[in-house]
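Asker: Let chain V serve as the given structure and place chain S on it in line with the hints.
Going down the list, the sequences are from chains V and S.
FYI, the numbering for the first sequence is 1 to 569, going by the numbering used here.
FYI, the numbering for the second sequence is 1001 to 1375, going by the numbering used here.
Hints listed in this document are in silico derivations from the structure and should not be mistaken for laboratory results.
Quick caveat: nothing in here was measured; it's all calculated off a predicted structure.
Be a bit skeptical, because a hint or two may be false.
[Claimed, not checked] List time: in silico DSSO-like cross-link candidates among lysine-lysine, alpha-carbon distance up to 27 Å: (1) S:LYS1197 / V:LYS19; (2) V:LYS92 / V:LYS112; (3) V:LYS435 / S:LYS1233; (4) V:LYS341 / V:LYS364; (5) S:LYS1197 / V:LYS92; (6) V:LYS200 / V:LYS216; (7) S:LYS1027 / V:LYS19.
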Amino acid sequence: MANEIALEMRGITKRFGSKVVANKNVDLIVYRGEILSLLGENGSGKTTLMNMLSGIYFPDEGEIFIDGQPVVIASPKDAFDHNIGMIHQHFKLVDIFTAAENIILGLKDEKKFDMNAVNKRVMEIADKYGFHIDPKKKIYDMSVSEKQTVEIIKVLYRGADILILDEPTAVLTPQETEKLFSVMRAMKKDGKSIIIITHKLNEVLAVSDRVSVLRKGEHIGTVLTKDTNESELTEMMVGKKVTLNIDRSDVTDPKDRLIVEGLNAYNEEGIKVIDDVSFTARGGEILGIAGIAGSGQKELLEAIAGLQKIDSGEITFIRPKKDQPVSFTHKTYKEVVKMEKEGKFHDKDGNPVDFTGMMPHDIKKKVNAGEVLFNEDEPMSLVGKDPLQIRELGIRLSFVPEDRLGMGLVGNMDLTDNMMLRSYRKGVPFFLDRKNPHKLAEEIVEDLDVVTPGVETPVRRLSGGNVQKVLVGREIAYAPKVLMAAYPVRGLDINSSYLIYNLLDDQKKKGTAVIFVGEDLDVLIALCDRILVMNTNRIAATVDARTTTKEEIGYLMTKKTEKEDGNNG
Amino acid sequence: MADKPTAAVKEPLFHITKRTDISTWKKILARAVAIVAAFVLCGLLAMVLIPSIGENPAKLGRFYKCFIDGSFKTINIVWRVLRDLSVLLCISLAITPAFKMKFWNIGAEGQVLVGILAAEGIAFKFGGIFSEPVLLLIMLLSAVVAGAIWGLIPAFFKAIWGTNETLFTLMMNYIATFLVSFFLSLWITNGSQVMPKQSHGALPAIAGNANLPVIILTAILTVLIYVYLNYSKHGYEISVVGESVNTAKYIGINVKKVIIRTMLLSGALCGFAGFLIGAGINQSVSPTSVGGKGFTAIMVSWLAKFSPAFMVLTSALVVFLQRGAAEITSIFNVSGSLADIFVGLTLFFVIGCEFFLTYELHFRKSKQEGKENNA
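So here's chain V without its partners, still in its complex pose (with noise of 0.2 Å):
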């Protein structure tokens, strides 16, 4: 079975522009009734050569041929003529149809559309392969993973023997995943191609027959997937060896830093997007956040930022306040006495405060002309705040955004100008100061090599993992006390991401709490120290990352709970 060529791509070149090359001469072979799994990081033009495939690009040079033949794909109907079907990453259906109405979308039909039939036809290719799907469901009513089962649904329906699905688990649970792939295999034994783009590893090894490597655009090799392993595999992705562990520092003296009690919240269009949840992020500890897309998660931080409306529910930020004097007004004799023992006082110069050999008159009296200091901590109150009457109030609070570009930074705007988001109101009044701003550019380029022409290049010009080193630069250069990130490695390639990861942990080092919404749940467990599971827009529970695996998570991310009656896939 594995010698029959299904699809062949000869020598293909695609340019973006007169600079970027997206893919660079780039050979591929697909056997009929195989899974392959093209690797690649992110920005190594995978989905850009798939996208010649299903008719999306053109490429501008090499040719493809599909049972032997010569074929020209200039747009996403030709490639549904020659059979090849895409997945995208971003589900492209419409909201308020059903299932069997998004499948027979665009087809043209001479005689009129019979529901119940095609109804039938869906239930018979999901019945086939091992499905779940209600063709009468609405698509607003599914979740991420039924609605992916719709599109490969619909690229069935449409006789596809060639599927092409582009990063499919990044959306799913372990659980799906699973699911998904069991699927896959009873496609491939249907004698259907499959072609899987992803850049998880342990999903390549578990599911594929052969793996294609890209990188920067070009074909690296192509290796049975029986012999080889995860960092040859590596090696091939990036061009050099790399150690994938992350340096999760122990955890010494949390101190309460942010507390979340009893928080509701309504989006725009009144639904709940906050169910009753209650926290505490601890300084010096780095708290996981894990659920499927949309189960809160954006919306828990941005009440946190003071963006999002709060129904109801306290947060309380501990505001550490050093060297207070200690007064009777606020604590008994006794109490004093009491932290006096525990060593909690010192005198202006840090020396420690003994009391031994005193009499209570002269301790009271030494309390009084203001000698004997203490380190404070002052909770206040971020709920109904704007993000600047937070700044105003010295709260040093970080968050850097899933939506980098649409939230966190300005893409038109240079680094410099975008470091100054942050501190334009500082300075002389009505004119900017642009000096600082550029410093603290100038600054994060060196410090978190940033690969940019210069500061005054718009960042939107920047690759992926550029941007994000822009914005966590930024955000960290505040110093925070608190260091909400969402979503921070989306989209970046293997180094970056772990500059990212150590990133955190130095601020966690630093004794920053830090809000950590992640994705990749193998990454969760690895960085975090405790991990708050999602699911529905409550706190499922919170686990102790050290402990914990990556099933109990993805059945707390999954369980049903009693609000929630829908079948779930």
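Answerer: Chain S alone, transformed into the frame defined by chain V:
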């Protein structure tokens, strides 16, 4: 597979891709080519549409000469061109802060008009009562306030209730027009509804040149707006709100406040332009005092990519075209609509060339290879 692709295998004629970068001289060249091409096409069109040229193609030279004469025939004409340019530039500068904020204010026409109405209303009612400098000052203030109010109303509704500013500002234009008609019928009792040229409240000529005050004031404004947009905190906030409202919220910019403040400024500057037209040129007001400049200014501002420095060039181009077209109308005795076609055609080419600056066309490979062989 060395076989030539079969007939069924047909490549599309061309593909469009986005350019990543383009050098500055290429940009300038492309625009120059666009203008030259437009002029050539205008000439061809003139041969078809103007009978006297069609019969005698030698007259085509005169056609082009007319275009240039429109702006450069005499020194007086040059001054008037500079004055017209200044007024258009002033209105373009006025709307630019709002446009940079992506607030699509198409109400400059009305905002300028209420500015003229306020200024000339003051001149009409109080001319001769106050001394000239005091009168001019009151005219200036009332024009600025009137324009600001006209700009504030749509901004307020947009900020509070999220109304569509484009429709809103457009409607405000009609209100302004009819407001002028209303006041004219109130003030001008002879039934003509035409305000005679006011003897009071005219900007004094500088060095005997009546055009100079308008030109100088606009030049100062150009510098001020340039500094405001590029070097002030307000200008920075405008850019951030324009680029991304989410980013603005994220860093704690009060978006509503910025919208209202910017439209207040934009309206006030339109009112100032109204003052220039009223006190500097017309010394009168009529419903057509602005004459569409409020809309032309949108194009001027946009063509300059909202940069005050480039706006000097784009407003010069537009005024040059308009005056050239007017000259052709009178010399060749043709309809004014024909002249408008020439103006529109040229601007179409200039704007259309932006497409080729943003995107690149890739033609079918065989042709491309042919080209490469030639090279």
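Asker: Hint numbers the structure violates, sorted upward?
Answerer: Numbers 1 and 5 - these are the hints that the structure violates, sorted from lowest upward.
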